[in-house]
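J.: If you want the building blocks of each chain, they are given just below.
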Amino acid sequence: MIQTNLQLDAKGLACPMPIVKTKKAITDLEEGQVLEIQATDKGSKADLAAWASSVGHQYLGTVEDGEVLYHYIRKGSNELEVEKTFEHTVSLDELESRDGFILDVREAAEYAFGHMEGAISIPMGELESRMDELDKEKELYVICRTGRRSDLAAQLLANNGFTKVYNVLPGMNEWNGKISKEV
Amino acid sequence: MSNKVAIIAANGGMFDAYKVFNIATAAAASEKEVQIFFTFEGLNLIHKQGMHALEMPAGKEHFAEGFEKANVPTIPQLVEMAQELGVKFIACQMTMDVMGLTKEDFVDGIEVGGAVTFLEYAKDAAPTLTF
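Protein sequences, first through last, are from chains A and B.
Add 534 to a position in the first sequence, counting from 1, and you land on the number used in the numbering used here.
Add 71 to a position in the second sequence, counting from 1, and you land on the number used in the numbering used here.
None of these hints come from the bench; they were simulated from the model.
Remember, predicted model here, so these are calculated numbers, not experimental data.
By construction, the Cβ of each residue, glycine as well, lies at the ideal position given by its N, Cα and C atoms.
Among these hints, one or two may not hold up.
[To be verified] Anything over 12 Å on all C-beta distances counts as not near chain A; from chain B, calculated:
(1) Gly84
(2) Asn93
(3) Glu102
(4) His118
(5) His123
(6) Glu126
(7) Gly130
(8) Ala141
(9) Glu155
(10) Asp168
(11) Thr201
[As the list claims (entries may be wrong)] Pairs of lysine-lysine residues, derived as DSSO-like cross-links and limited to a Cα-Cα distance of at most 30 Å, are as follows:
(12) Lys174/B <-> Lys159/B
(13) Lys90/B <-> Lys555/A
(14) Lys557/A <-> Lys119/B
[Said to hold, decoys possible] Footprint (simulated), chain B over chain A, 3 or more residues, beta carbon under 8 Å:
(15) 536 to 549
(16) 553 to 565
(17) 583 to 597
Take these sequences, add in the hints, and give me the full structure.
T.: Here's what the structure looks like:
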């Protein structure tokens, strides 16, 4: 069970209904939130991946459980190139030679479909309330998909007394190393 | 990349209807602008009575069961959905005159136009599909 913001039941529906229902459901989400689509149409996997890329959402992946396909899509992933303001950064290459913890602030579903081995998962939206799970004395390397959310997360942590915080750039979208999955 | 899809519906059977409306709704759901030009037998697909009684091709009637089993939406449902998603229906004036049909014979919300109306729309559409 992957944590999402909204679940859509499209089971038993034939093409093009899963797409039509998904289009309607995703309008209820905020940008960056994740939708789970439950479908039995075997074609929905290829269709939803193609649909997401054509309209600018991020297709995260699909889990099959018996007859049911669980698809995960994150709304509006076309993140604008904004200036990253947190000054302490490390590159993906440097990261491998560093000690400390990797904090992955992407959504739970993004983490589930591929993250760095040993990375801790706390989605950006939960960071404020779950900060006490982290050790203030340890080096903390914050990562997301493109470096935008991790920039904000690093600022938030620094403002709350974390002194050894680094934003990892660019992010998981450029990571070619080993990947762990929860699905 | 063009954001417009242009479809010509020139045949009036049930299979034709599914090809037309599935592609149209899928395109509209993908945030494309979609127009369908209904001409000759294609006018059946949006005819108020006709669209409820579209025929299967001869010898293919046994597929009716398959349609039901696959839980495929009915044509009137797809027509409604397409319109809800903003698909524009254009009925061919010339064919309507030949067949003695008026705008009132068709589902609400259609427009009537000639070949040039469609060509003007389709000139920068990609893809243009004919069924």
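J.: The structure should be examined with respect to each hint, and the outcome stated for every one.
T.: Right, here's what the structure says about each hint:
no., hint, verdict
1, Gly84, "19 Å, holds"
2, Asn93, "5 Å, violated"
3, Glu102, "5 Å, violated"
4, His118, "22 Å, holds"
5, His123, "19 Å, holds"
6, Glu126, "21 Å, holds"
7, Gly130, "23 Å, holds"
8, Ala141, "5 Å, violated"
9, Glu155, "9 Å, violated"
10, Asp168, "33 Å, holds"
11, Thr201, "19 Å, holds"
12, Lys174/B <-> Lys159/B, "15 Å, holds"
13, Lys90/B <-> Lys555/A, "19 Å, holds"
14, Lys557/A <-> Lys119/B, "28 Å, holds"
15, 536 to 549, "holds (count 4)"
16, 553 to 565, "holds (count 4)"
17, 583 to 597, "holds (count 3)"
Figure legend: structure checked against the earlier numbered hints; hints not met, in rising order: 2, 3, 8 and 9.
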